[in-house]
Amino acid sequence: MTKKIFRLIVIAVFTCSIILAGCSTSKSSQNNDNNEVSPKDELVLAFGSEPETGFDPATGWGRYGSPLFQSTLLKRDDKLNIVNDLATSYEVNDDGKVWTVKLRDDVKFSDAEPLTAEDVKFTFDTAANNGSIVDLNGLEKVEAVDSTTVKFTLKEARSTFVNNLVATGIVPKHAYGENYAENPVGSGPFQLVQWDKGQQIIVKENPEYYGKKPYFKKVTFVFLNEDSAFAAAQAGTVDLAYIPAAFSKQNVTGMKLEAVKTVDNRGIVFPYVKSGNFTEDGLPIGNDVTADSAIRHAINIAMDRKALIEGILEGYGSPAYTSVDGLPWWNPDTVIEDADADGARKLLEEAGWKDTDGDGILEKDNIKAEFTLYYVADDAIRQSLAISVADMMKPLGIHIKVESGSWDIIGQKMYSEAVLMGWGSHDPHEMYNIYGGANAGVDYYNTGFYKNDTVDGYFKQALQAKSEAEANEFWQKAQWDGTTGLSAKGDAPWAWLVNIDHLYLMKEDLDIGEQRIHVHGHGWPATDNIVDWKWSK
Amino acid sequence: MIPSLKVRNKEESRFFLNRRQRKFITSILSAILLVTVVVVGVLLDEERIATNLITRNLAPSLDHPFGTDWLGRDMFARTIMGLSLSVGVGLIGAIGSTSIALILGMAAATMGKVADRLISWLIDLFLSVPHLVTLILIAFTFGGGFKGIVIGLMLTHWPSLARVIRAEVMQIRSAEYVQISRQMGKSKWWIAVHHILPHLTPQILIGFMLMFPHVILHESAVTFIGLGLSPHEPAIGIILSESMKYLSAGMWWLAFFPGLCLLLIVQAFDRIGENFRLLMDPTKSND
Chain A
1 MTKKIFRLIV IAVFTCSIIL AGCSTSKSSQ NNDNNEVSPK DELVLAFGSE PETGFDPATG
61 WGRYGSPLFQ STLLKRDDKL NIVNDLATSY EVNDDGKVWT VKLRDDVKFS DAEPLTAEDV
121 KFTFDTAANN GSIVDLNGLE KVEAVDSTTV KFTLKEARST FVNNLVATGI VPKHAYGENY
181 AENPVGSGPF QLVQWDKGQQ IIVKENPEYY GKKPYFKKVT FVFLNEDSAF AAAQAGTVDL
241 AYIPAAFSKQ NVTGMKLEAV KTVDNRGIVF PYVKSGNFTE DGLPIGNDVT ADSAIRHAIN
301 IAMDRKALIE GILEGYGSPA YTSVDGLPWW NPDTVIEDAD ADGARKLLEE AGWKDTDGDG
361 ILEKDNIKAE FTLYYVADDA IRQSLAISVA DMMKPLGIHI KVESGSWDII GQKMYSEAVL
421 MGWGSHDPHE MYNIYGGANA GVDYYNTGFY KNDTVDGYFK QALQAKSEAE ANEFWQKAQW
481 DGTTGLSAKG DAPWAWLVNI DHLYLMKEDL DIGEQRIHVH GHGWPATDNI VDWKWSK
Chain B
1 MIPSLKVRNK EESRFFLNRR QRKFITSILS AILLVTVVVV GVLLDEERIA TNLITRNLAP
61 SLDHPFGTDW LGRDMFARTI MGLSLSVGVG LIGAIGSTSI ALILGMAAAT MGKVADRLIS
121 WLIDLFLSVP HLVTLILIAF TFGGGFKGIV IGLMLTHWPS LARVIRAEVM QIRSAEYVQI
181 SRQMGKSKWW IAVHHILPHL TPQILIGFML MFPHVILHES AVTFIGLGLS PHEPAIGIIL
241 SESMKYLSAG MWWLAFFPGL CLLLIVQAFD RIGENFRLLM DPTKSND
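Protein chains in written order, with this note's numbering: chain A, 1 to 537; chain B, 1 to 287.
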């Protein structure tokens, strides 16, 4: 008897689940139909990376691309100049430690509550306490002087603090809670309608937004992998899709390809010191081969960056010489002549590297010129770059063993082996992070333990500078001041390879405005100026 | 009826070979194919799969019989190296699995009730879960990579063979001559080595040969989903999964030839194993 009942239950469950499954599929197909006949003020974008942690600026949302739902105190315009957003003005006192920001008084959150200095204070306090990737270490305290004035006090002068004001979206104190990341309320141009995790987010215009109203009243971001994004573009179901360079050769009717210049760079970070030391966790530091500056310079000189761009990126890229190519704080003197195998050979010979046993690999003091190059396994471009670089260096007599791994594995090896990494930000502080002696062995920053006192001196001056223009001068000197620096002309702790152009396939009459130099990450950086997007006819 | 019979006879006699001889020859040919692939794969210089950014994405030609991939690497060399690697991994995996099967099968049949129950339970346990799932689990626990795959393959492919061996041993153990041998005071070890093991040889050999294609396919499957070797290593599963990305770009040769070769190799092993069985099995050898 019980058996019979059990069987009935099983059958009932099955039938129900089939019926329910039927429901859900029909629903999603309806959605698709909607997309195909999308009205003129709606937009569907296919991106690869979903912001899995949600939309809380206090934990990092909005660093790359527009925060959409929130707005920031300051912002960068299309020329990367810093302009006011929520702020009406800001000033820094003489010792560079106290920043006073005046706010607009007419700003309302999407729930119609006004935005005040209290909210700004709350945002920065929360972000600083979260200890997430938002780096507010230098911030001592935030005070709300009155409802439209905020005072930031720093531990020491830091000119790059302005980037925290550019990148941190302001959250409402009254509506912030545990679920904020999934239900963001803010003062940005859009508000969240719905987030189907793993699939899409839908946003609509925020009627309370104080700035320029976006042309598109409703935007859907669908999260697809590269193949599906391309297929969706071919099928015409999306208006804009991010695509990898491998697909750039194929024409899609009704779609145009737009390549955006970036500082989304890839390079090889070398262990800069000799082996022998260990981190606190017992991980080995340093590598005897890459500690030799001749090896690092030879690799930098011999690298055929043009060939890498043509061969791997289908021409959609630019050669990289530092981590900040093309940005206002980049020093153009860091550009070196590359693809010069003979010069590299000469350099190695002068440094005493010789192939004594005839195995095609150079030796010096019984050390073979070989090291391992790690790359993260699921990235095809990094894989291609790693293999190509290894093959390019072989004729020189430098043997690079290519090895893949997850970030966990790389995290264990990165202090003692070369790693293929990528950076790229609109914040010059990133340069200090990856080259500053004080950041040696901190997270993924300065994994090579690079340290140059002159460079560190320039960093200090840049951080203490009063204005961005003044700071930029020192940032540039840190790269190359005529005698030393962090670029390939100087110490060459990195061999930068390429900046990868971001490719977007979009409807022919979609105008995405003037795209600024994109940062690391393919997709979101394009949304920086999303309020300016429109149909061109 | 009679004329048709005649025709068949004629056809058969045209080759002057009976079925047994033909089986023998196909086995040898398959074996030669396999050995060539392995030897060529081992001897091929790494230079052959060096990147060449000028000759990228070429369709098959005389210079590159299987075409080239998106880094200009010769697909023929990569495929052969991949197959060679697969056969190598398959060999280690199959030997390991066979050894485990032999030890556990013998132990189950000779070491008493408790051992038998335990091992039978273990066999059931492993057979109740699909190979691939246990394989992925084990490979993952051992940290992936070459080591993970090989250990995973070894630990997952033994159950069916162990079961066969256990049954065989039980049967032999109760045979009269073994009983007599025991009564005459021979030790258990002596009986195992001199009476039981020789009878198991055909089972083990055939089991080993038939396990091979399984192991290779599973190795490809695991590397295909990216759990095994580094993605730049020339393993056949990796080559196939890479090629998926380029199918939409019309580069069919990246998937077609390596896939075909994998099929050929697996078929060759299967053919050898089957023929082996037919040749060694006294009741079937004269069919």
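To be clear, the hints were calculated from the coordinates, so they are not data collected in a lab.
Virtual Cβ for every residue (Gly too), placed ideally from N, Cα, C.
Any given hint could be a false lead.
What the hints assert, rightly or not - When the alpha-carbon atoms are kept at most 25 Å apart in a straight line, the in silico DSS-like pairs for lysine-lysine are as follows:
1) A:Lys306 <-> A:Lys413
2) A:Lys394 <-> A:Lys151
3) B:Lys245 <-> A:Lys507
4) A:Lys401 <-> A:Lys306
5) A:Lys256 <-> B:Lys147
6) A:Lys249 <-> B:Lys245
7) A:Lys40 <-> A:Lys249
8) A:Lys413 <-> B:Lys147
9) A:Lys155 <-> A:Lys460
10) A:Lys401 <-> B:Lys113
Claimed, not checked - Covered by chain B, per the in silico footprint, the following chain A stretches (three or more residues, Cβ under 8 Å):
11) 162 to 176
12) 202 to 216
13) 374 to 380
Now for the hints, and whether the structure bears them out:
1. A:Lys306 <-> A:Lys413: With Cα atoms ~29 Å apart, A:Lys306 and A:Lys413 exceed 25 Å; violated.
2. A:Lys394 <-> A:Lys151: Violated, because 57 Å separates the two Cα atoms, which is more than 25 Å.
3. B:Lys245 <-> A:Lys507: Holds: B:Lys245 and A:Lys507 sit about 23 Å apart, inside 25 Å.
4. A:Lys401 <-> A:Lys306: Roughly 23 Å between the alpha carbons, so the hint for A:Lys401 and A:Lys306 holds.
5. A:Lys256 <-> B:Lys147: violated (47 Å)
6. A:Lys249 <-> B:Lys245: holds (14 Å)
7. A:Lys40 <-> A:Lys249: violated (29 Å)
8. A:Lys413 <-> B:Lys147: holds (19 Å)
9. A:Lys155 <-> A:Lys460: holds (14 Å)
10. A:Lys401 <-> B:Lys113: At roughly 53 Å apart (the allowed maximum being 25 Å), B:Lys113 and A:Lys401 break the hint.
11. 162 to 176: violated (count 0)
12. 202 to 216: With 0 residues in contact (Cβ-Cβ under 8 Å with chain B), the coverage given for the region 202 to 216 of chain A is violated.
13. 374 to 380: Check passed, 3 qualifying residues.
Checked against the numbered hints above, the structure violates hints 1, 2, 5, 7, 10, 11 and 12; every other hint is satisfied.
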